[in-house]
Structure formats: C-alpha cells, structure tokens
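As they're listed, the protein sequences go chains R and U. Counted the way our numbering counts, the first sequence spans residues 881 to 1645. Counted the way our numbering counts, the second sequence spans residues 881 to 1645.
Copies of one chain are not kept apart here, so a pair can be met inside one copy or by any two copies together.
Here are the simulated SDA-like cross-link-like pairs (lysine to any residue), alpha carbons at most 20 Å apart as the crow flies: (1) Lys1130 - Glu1470; (2) Lys906 - Ser1095; (3) Lys906 - Thr1109; (4) Lys1130 - Trp1474; (5) Lys1196 - Thr1066; (6) Lys896 - Pro1591; (7) Lys918 - Ile1142.
Hint data in this document are derived by calculation from the structure and do not stem from the laboratory.
Listed below, chain by chain, are the residues.
Protein chains: 2
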Amino acid sequence: MAEVGDVRKAFRHVGKPVPRVDAPAKVTGRTIYGDDLKLPRMLHVKLVHAPVAHARIKGIDASKALAVPGVEAVITAQDLPPHRYDPDNRTRVLLARDEVLFYGQPVAAVLARDPYTSAYARDLVEVQYEELPPVLDPLEALRPDAPLARGSVQALEEGEVGGHITVEGAEARKEEGPRNVASTITFKRGDVEQGFKEAAAVVEGTWRTPMAHQSYIEPHVIVADYDSTGRLSIWSSTQAPFHVRNEVAKTLGLPETRVRVISTEVGGGFGGKIYLYEALVGALAMTLQRPVKLTMSRKEDMLAATPAPNCIVQLKMGMKADGTLSALKARVIFDTGAFPGAPLLPGCLLIGGFYKCPNLEIEGLEVFTNKVSVGALRAPGAHNVAFALESALDMLARRLELDPMEVRLKNAVEKGDPLPSGQPYPAIGLKECLEAVAKSQLWQRRHEIRAHPNRGVGLAVGGWLGGLQPASATVTLNADGTVNALVGAADITGTNTAFAQIVAEVLNLPLEMVRVTTGDTDSAPYAGMSAGSKVTFTVGRAVKLAAEDAKEQILRIASQRLEAPPEELELVDGVVRVRGREDKQLTFRELGRWSTAFGGRYPPIVGRGAVAPRLQAPSFSAQAVEVEVDPNTGQVQVLSWVVAQDVGFAINPMAVEGQMQGGSTQGLGLALFEEMAYDEQGRLLNPNLLDYRLPTTADVPPIETIIVEVPSEDGPYGARIVGEPSIVPGPAAVANAVADAIGARVFQAPLTPEKILHALGKIKD
Amino acid sequence: MAEVGDVRKAFRHVGKPVPRVDAPAKVTGRTIYGDDLKLPRMLHVKLVHAPVAHARIKGIDASKALAVPGVEAVITAQDLPPHRYDPDNRTRVLLARDEVLFYGQPVAAVLARDPYTSAYARDLVEVQYEELPPVLDPLEALRPDAPLARGSVQALEEGEVGGHITVEGAEARKEEGPRNVASTITFKRGDVEQGFKEAAAVVEGTWRTPMAHQSYIEPHVIVADYDSTGRLSIWSSTQAPFHVRNEVAKTLGLPETRVRVISTEVGGGFGGKIYLYEALVGALAMTLQRPVKLTMSRKEDMLAATPAPNCIVQLKMGMKADGTLSALKARVIFDTGAFPGAPLLPGCLLIGGFYKCPNLEIEGLEVFTNKVSVGALRAPGAHNVAFALESALDMLARRLELDPMEVRLKNAVEKGDPLPSGQPYPAIGLKECLEAVAKSQLWQRRHEIRAHPNRGVGLAVGGWLGGLQPASATVTLNADGTVNALVGAADITGTNTAFAQIVAEVLNLPLEMVRVTTGDTDSAPYAGMSAGSKVTFTVGRAVKLAAEDAKEQILRIASQRLEAPPEELELVDGVVRVRGREDKQLTFRELGRWSTAFGGRYPPIVGRGAVAPRLQAPSFSAQAVEVEVDPNTGQVQVLSWVVAQDVGFAINPMAVEGQMQGGSTQGLGLALFEEMAYDEQGRLLNPNLLDYRLPTTADVPPIETIIVEVPSEDGPYGARIVGEPSIVPGPAAVANAVADAIGARVFQAPLTPEKILHALGKIKD
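Okay, chain R solo, but in the shape it has when bound (with noise of 0.2 Å):
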C-alpha cells in the first residue's frame, strides 16, 4: 500500500488500519443526529423562501399564518432582536430587510408546534414584491450596461475561505471597475507576452464548471435554547463550532461566555456545513423564549444553503518544443451569487501552483449575480481551475506529441517552487504522485485500453495548500487507568480516530484504553474548524504534545515511586516498569486511582498541548481513469479509476483510502453529472436528488489506492493534509479520457451525453 512507508515498522498503531469506531452505528441507522433532539417547549421553524431572484419588498401579511392553529409566530426582519446587520455578509441578513437578493432567500420565519404545521403556515405569509431584473450570468453581469445585482459591494471582512486555504503575501482586494464585482486577484511573474512567443504550441480556450451542490445526506439542522441565565445554546450540524460561536456572539452581540455551541454528528460536510443558520435561529429563540429547531428539507437545502460557485476560466498556455511550460494567461470568474464567498484566492494560487511556470498572469474576478450564495466545497476552486489547466495541459502535450505523463513530471512543482504568490512550497509530493500512478496497473495498460474502440484513459493532477489554524488538546488518565482524549474539532472524517492512534502511540497502550470525545465550547480546548483539510495536521499535533505531556506526568510520579531515573522506565500496555526489571512496576489503574481517591496523593495527570502550526503541508493527487463512450448516446461509463495522494504519512491508512475514494467518487460525479440549474429567471429548477444527479455504485468503479508517503516537516509522524485533495483531479481526468476516447474535447462539465454529442459534431446548437 505504502510507497514510502517503512518508517511505519517502527509504530505500533500509528500507520496500521484501524476501522472508523462511529462507522457500525452508521450503518446501522442507529447514530443520533441533530433533528434528533427534541427540547421541552421546543418550536420548529420553517422559512419563508423568495419566489423571486431580485425584488423589493414592499410589504409582509401574516395574518393568514398566525390563524393557523399551532402557529406561535411569524418573524421578519423587523421583529428581529437587534443585532449586528452587514448588507454584504449573508450571515448578517438573517431574514432579507427591504430587497430580495435570491430565489430562496428567507424573507420571514414560520413558528409553530410542529414541522407540519410550520410549513403548511409558511405557504400562507403573503409577501408583495417589487420584482426587479435580476442579473444571471457572470459574464453578462460584468458588462458595463449590466443590471446591478444588489445595492452595494463590500469586500468580505472574514470569511470561510481562510479556513481552506492560506497564503502569504496575496490577499482578496476590492476594486473600483467593471458592474457588479465583489472582488478581484491579480498575480503576476515574469514575461506572459514573451513566453507564448518561446512557445512551440499554444493552447486557448474557455472552460465551465457548473455550480454544484455538496450533497450531504443531512440537511442543514440547528437547534437554538436561549435560558433563563441569558445562555445561547446552539446544538448545529457544523464542522465548526468555534467558529459558530465566534460568528453568533459578533452578530448577536453576545459575549462568547454567554454562547455555546454542541457539534452534532455531522451527516456529510464537504465545506458545506460551516456556519450559516445559526445565528438566526439563535435569535429567533432569543425572540421567543423557546428552544427553536429548523431542520431544513432537501429542498430548502437545495434552494438557500451554501453550494458551490459557478466558475469561468478563460486559459491560455504556451509550452515548448521538450515539454516545458512557457507561459500561462488565465483569467478566472467566479460566480459568488448574491453574497461574496467564493473561492477566488485558491482558484488564482492553484491554476498557477502545480506546475512551474516563469512566466504567468492570472487575473480572478469574483462577481455578484442574483444566485444563492456560495460556499465552500472539498478544495473549494481547486476542481474549477484544475478541469481547465489539465485539460489545456493534455492538448498542448497532444500538439507536441508528449506523453501526457512526461509533460506534467517535467513541469510538476517541487519544494521551494513558488506558487503564483511567490510563497515557495515546502516538501512536497507531486512528482511521487505521479511517478505511483505511471506505476499503476491501469496505466500500464493504456496502450492496450486504447486499442478499443471507443475508450480512452486520461491523467490529471491535484492539490490544496491545506488551513494552519491553532489548536488544543488535553489528555487525562481515568481512575481505572484508561485514557480520555478531549478536542474541540468535529469528526467529520474519522480523525478522532487517528488521535486514538496517536495517544496509544504515545503512551504505548492497547487502542481500546482509548478514548477520544469532541466537547462543546464550553468543555473543548480550542481547535480551528474541520475545514481545510488540517484537522489531523494541526489538532493532531496537539493530541501528540497533550499525550507526551501526560506521560512526562506518569513518569516523574513513577521515577519517584519505582526510585529509578525516568529514563530507565518503559511504558508498556498501561504499566510503567524499570527496564529489565519486572518486580519494579507501577500500573497505570493504580496511579488513576492513587490520583482520584479519597485522599489520593497525586494530582490528576492532565495532559496539555497547544500548537500555532505556521507551516502548511498540501497534498496533491494524480489520477488515471479508463473511460468507454457510447459515440451514438454520447453516454460515457468509467471503467477503472486510480487514485495516488501523498499524504505525508497515513495515520489511520484505511481512512486514508476512504478520502481518497470518496473524493475521486465526488470528482467522478461533477465530471458527468452534477449541475444546478437554472431557469432564465434565476429560480432553481433541480432542487432535489431525482433531477440533480449523484453518482452512484452502479457509476462507479473499483478505485484503486495508492498512498504516497513524502513526508511533511510539521505534521505528526509526517502526516499532512487529507482530506479535500482527491476531488480536484476528476473531471480533467474524465474530460482527457474521453478526449481521448473520441478524439474530441468537452469544455464544459459536467460531460453530459448533449455535450458529448455536440462535441462529436452529432448535434448542434
């Protein structure tokens, strides 16, 4: 499994597979989510949601509503306690004050005694609209003539993006020029003009991806209780609850003592799952004096949560007779929707970060439409830039007669090469990636797939820089000598499992004697948010220091009991003893319960560890998958799929392979299926699972895994980032499969079968 591994002899738990231990309650059905709380008292609400993508309001009538028996209340904008409102932050709108920016936007909120009944009400609030143009596409929205599509535009002051992604030297800036930007990036390096013209061939061309939805199985929920101390109790389906607290008490006007925020189990994330809901249902509990739920339905979901943006990327690239790049032009849209958020800083950096490149300009605009607004998912930009660099990369190596694999090992970054920003990489492993997937049994035999008629295989490449964001840990020892872990990051990927790992590691333990609980906000030492793929990086390395530190405890008390140095002492399965000496030992149940006792003489052993990693370490994967298209359907059907990641050193190796499949399965299905679609009038006409298309098992193949081991300089025991990688390479791997499989190329994704045809010159427009 293991390309560069053996330094995992030298382990015990850390580097072995361990299964998920949350995984049979799963399955099962048996886990507990958040619309699984019920609170005495408890209203449930639902929202009223825009009909119209751009409108004034011009009046709200209730009355319909309220005689609805079960009905507590309705709530506008108006009756809202006061807060902290930012026109420009969708946080900070909790309900739409006077215009409507959206289709779905919440414009009031429905109470009632029951879910039923709160959505049965919500269809009867009448609201009046002044409906004005609505602006659509990003394109079109830049064009000096174009509509404004909201009042003002205003740089974001904090937003999530940050948790994915950061770099030095490079920040989202605001800028007078064309209608309707929220922000714009520019990088530069070199001699663009020059470059193209040390160029043997040039590549142009512009490439969309769809806005798409991160499809977690869970809807947004969020429980709110404001008691009778003045407490804001948050129960939310986050993968941040940190964060969620900081947001609510800023927007609330709470101090974050007053603020507590359970993560509940997270039933799917992907960056979707951030902060959103929160501090509006906060406030409608707070308005009303009762516990509030709003569980939102796939629907309502769908409609007015955070997905991911609609991307343009014009690219153009000039490469060199023997494979080198020469130049690289890119100009990079992001469609924000109605609120900015969009991932423009890593699409700039990433489009210009995995290859070498000395010269390069890449300017990014980020533009306001009358949209949903977006959020982040798995290496948000990443798949947008990647889809348009790799498929550019495929036919400049295709105009040169290069082999596809040689090009990108020719130009592949390595440490100390500069990402647009001039930020130089540290060790990285791209080329290993590569070097594993040329390896791989399905490359091997492309000479032979491509002998078919009909298929193809194709290889692209990808990476994220990873988030650096301080984090804490405790570790305790129980009475009866077993270990409890405490972290204040939400397992949305089996790392709690990994800190298992690592505290058995440590102190030398069976993994059962272990056990690792994510507190509230109250109860955890802080972490950042499970977002940015840095949650086994960073907390990880305070679950390291939190174990060595209590096991410094151990032995100074054992020093002293067992009279012997305590570099002479050895910790073996939950007993200190004197090396060589058996007589001479000390278990850990004694010395938990000398430490809890009545009159006990030694303190409590709580371990402490507390890290400000400030050196990130990316991923990158490469990935081959084998296509066959049905040139009379245009129907395209993955055959096989390889998937290479480093990542630094695999803590828990099957949840390793469980990202790494996982994130090639969400690639797989953005290349092929998944789109938001909408209507000329910006209303969503797909907000459900039947008309926006998931893969499936049956459209997916065997993925086979191969962990690459580079290790990172920080992480613990090497490890690096995970998490969001995998997802970045797949739609250019599909599109220059079937590129290659047809001889013809798609430009837009996801490959539906009309653009296959259409590209196949089949049908026209």
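Put chain U on the given structure of chain R with help from the hints.
Using the frame of chain R, we list chain U on its own:
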C-alpha cells in the same frame, strides 16, 4: 461581617459577596432538571418495592403486569446482564435476588412507555414472599439471641464515608463479636477510669437521634442510554459524577472509557445524592437496548434511597472543678440498616475531637437491621454525636456551676491537638467561633432572656474535618478575549461562582468575562465528589493554579510582543500593558483572535491546574439559640439563632452565609421535627412530606451569621471547608436551650412536644 478579614481589602473579587448565577432560574422555575430529559424511544421504569422488611423471595409472576398495554418488560435479578454482584454492597445488589432485607427494597423493575403505565403495572407484579423475622432495633440486634438481619456480614470495600472525612491511622474494621455487627472502631487515650477519679463531676446518659431523610426537593432521577457503539451514558442528579462513573464501570464490567456520566442539576443533595441506582438503570438500558429513565416519587425516595442513620450514644464524661475535662467514655451505635455504610468513623472521631481530653475510650459499633441502608447527610454522624457530647458538657457545667461558654473555651481543641486517632489538628478556629458567639447580641442578652419564664439560651459547637481528594481544572482564553474555566465537580452550593471569582481575581478581569462550566466525565478534568465540604478547598486550588498558568502563558506572549520582561507587565480588565506605558498594550481580545484565527500565530491559551491536597482544613461552628417552651403543650418556638463559623477565608461571603443559614435550619429541623418512623414490622410510617415534618419559614427565626476567618494552610486564599459544619450543633443547642428554659433535659431528638411534656413529668410512659 468578617472577624479576621482585613486581608480581603487586597482583593478585587474574592472575599466579595456575589449572587449565585444559577439563582434566578431556580426561583423562577426555569432550571432544567434530570426529569426534564427526554430521549427518543425512552422507557420509564418503576421499581417493585418489597412490602416486607425481611423475607425470602419464592417466586415472581409478572404476567399480569406484562399484559398491560404499553408495558415493554418486567426485569428481575435473573434477567440482568452479567455484573459484579456483592451481597454486602447495596449498590451491587441491583435487584434483590433471594432475600429481601428491608421494607422498600427493589425486587423487580417494570418498564413502560410512560411512567404512569409502569406505576400501574408495578402493582400487578405478584411476588411470593416467605417472611422472616425482622431485626429493627440496633440494641436488640446486638443481643446474642437476636435473629440475623442478613445472611452474611462483610466489611465495606470502599465506601462513601471516606468522601466526607479522611483520617490517618484509623480504619473501619470488622470483628468477630456480637450479632449483626457490620463493623467496629475503638479509640483509646490515657486512662479513663483514672480520669473519672480525678473528676469533680461525672455525667452519664444515653442519647438517641432517629433516622432522618436528606429531604432534597428533587428525588433521585437517572436516565441511562446504551448506544450502538457500546457506550453507556448516564444522566444523574448526582453530587459525584466521576465516582458514579467509576462504580458503574466496575459493577457492569466496562472500562471507564465506555461510561459517560453527566451530572444534571442537583435539586438538593446534602450527601444523599452520591451513587445509588445508576448501575441498575444502566443495566436496564443495556438489557433493553433503549434509553431508560428512573424518576423516583417522594414516597419511593423515602422508602428506598439512603437516609441518615438512627444513632444511640452511651456517653459518660468527667470534669474537674476548674472546668477541665478529665475523661470521656463513649459507645456509639449506628444503625446502618440492611447494608454497611454508616458514618461510624467520623462519629467516633468527632465525639472525642471537639475538646481536649487526656483520657478517652470510644467504642463504635455499626449494626445491621432490616431497615433501608443509610447514606450521608451533611457532616454524617457528627450531629448525632454532638447531640450527646454537647448536652453532656452543658450538664457538667451546670453541675459545677460553670459558664457553658467558659467551659467550652477552656477545653476547645486548637492547632496541634490530637484527634482520637492521634492525628493532630492543623490550624483551626473553634475558639474563635466561640469568642464570636460570646460577643453576639444574643449571647450578650442571655441573662435578660433567661429572666423571661420558659425562655432559655443554649450553646453548642460542631465541626467537620473535611474530605481530601485530587482535583484538576483548565482555564482557556476565548476568541473574543473572555475566559472559560472547566471543572469536573458538580456545583451544589455555588462553587462555580467562587471559581469565577478566583479566575477573575488571578487575571484581574471583570467577573462578567469569566464563565465556569462543569463538564461531564468525558470532557471535564477530574475532580472528586462534591461532598466532604471540600469543593472550593480542593477544586478551587486547581482553578487558581490553572488561572495562574493561563496568566503565565499570556504574559509570555505579551512580553515577546511588547518587548518588555513579564515582571514589568500588568493585567487590567482584559488588557496586558507595560506598567506606566499605556501606549504599549495587548488586549485579551487580540490575543484571543491571534490564538484562534486562520493562520493564528500563537497556540490557544490553555491553563491547567492539578492538585492532590494532603492537609485538611477542618471547620468549626458555634451556635447559640434562644427558645421559648410552652409548658402546657410542650411546644418549642425558636426565637433567635446565631451561628459563627470559621471558614478560613470567605471567597463568596454571600454563599458562605447561605450555607451557614441552611445548615442551621437543617439543625433546627433535626432538633425539633425530623424523624423517620417505623412500625414494629419495619414499615416506614411517614414516607411523605406531610407526615415527615421539615422546618418551614414559620419555624425558622432570623439567623445571625458571623463569618470567622482563621486562614487554612492550604486552601485558596486561606479558604477552608464550609458546607457541612453548620448542621452539627443545632440539635444540641436547642436541647441545651430547652433545658435552660424548663430545667429538664430531653435525651432524644427530635424534641417533640410529647418528649418535652414527658421530661417535665407531665406525661408518663
């Protein structure tokens, strides 16, 4: 208010009265208690209580109960999952197996969808009993020809008593001897017979105190959930979450990592909410794979919880003419009911522990009867023995025509004096308490009072050694600069308010910036049980250390940023600044952001404190009461009450006064009203709060509180234990006042009109 309290001027928060943060919710009925908890699929259990005091179970027929719609199961001892059964440990006899040992003992559990159905069906369970002779009176139980109360007699392994008192050199031990003895204790010093010879006066008597219930307003409530991952969660209104975890884990054979205990709001405990039915409810949840709730009714709780024991003290004391005690001989008999657990050790220590006495002989006997087994009630055992000791001392003073105050001051123990076990006292303030009462208006008026017919003034002292148990805490900085503290101790007396004061003091913050949370056993750093009056004394030290640790971390960063050595920095209201340089400062809010934000450069601030206190901080209370007795009805009215208590240092004087008033009120109840009455077959006659009389506001006079502060060596800011001592003197003080008023002494509490008329010779046996 303070006698020795000028030190408090140096402080900003500690030593100042602060209202309890939880008070408004409690008095407005908005506090959430365990019984408010509802879990999906939850079953409600009612226990089948044996209607006989002693019997063999011949058979159980549940068919009629099972036929009731809504009943899901009837569980008997045979149906429970494998567990650690111990016939001599009440908590390890989950349900009676073969032998019923007390009236009310649970023999089966009926589980239904609602509590009314389970209560109805409970009465349909048919249990066949073969009745056995019950043993009810402890003196009769000791006779060689008495029937045995139970098959086996075994010393208690590790009981709750230790939580209330910790001594060196003395342990409850089992002996061969008379019938029905659970354990015995003997302490000897000097030569008592010689001491009696030296005495100018000797008094002798037998004092009786009855079984009393803790009478918490909220009966026991336990909810257990055994989830699909094999984890048992227990919500319990317990004073001792970690103790419950340890005991449940041991009893049900689980590691502590698989048991989580959440202490819900304790609606009164007073020692009676330590640990009782948690393992049973946990076992039921494991058996049925559904959440189970047990909410006891008042009757069930009075029948089958753990009230305070009936006690008989045979005491003989000698005093020299100058008022010096010369000899004390005592036989202390605790009726422990059907299982061991009476407070024999503290009773025997304290009867010889309030006064210097060169010659003493104390024999303690813990006796089995067929009554409900006993538990702790605020300073368990102390009021029983103080009733005898302080009555006898007054009798001696009267006999020798000495002043009761002078006699007490002459003999009162001081630092260095030995307990009966030989253990010397640390710094204590018994004399200071007596001196404080001597100066009180009540005591100064006493000759004036006594001039009224049938009025009298009584004086008594009492004390408690206090528990010792390791404790830990963490103090963390939030993103907005506010501060959280996390502890593991249930807050039953306002201790979290005191902890907030300590944190605010150390960090020099407004109190509003600090939030203290009691975590569950998964998240909280370990703390011993909230019993033994030790929470502020032990956990408070850990909190102080944790705050100091956080302060050090803050100063280290500030020193670096402000380029000034830590000793030149000061903390003021959430700002770190260079002394005298207002321009050079760093706010907690900035530091909070920098240690939590994306790319934050500092590790989260996580202060940690852990202690293993080894030196007790005993607290004494002296109380004087004024009574008027109606010689025709025997009715006693308490007219005024003064209580002085040495608390070392009152961190929150308001809470301390509340404790002193509450304890005095309970002492008044024990003196005049409280008594669990049994018939000759061992059936409790008054299992309700109409027939079991508690003091009401009509009975309680204004209570003057005098806080005495003799600093403890080890407590935070010199604080010592507070909660328990104030209950101890009450019964003796009232008895002494009644004797003072009517010239006749009552040897049996409560001092009912009947007993007073009897003492006056107005009614005969």
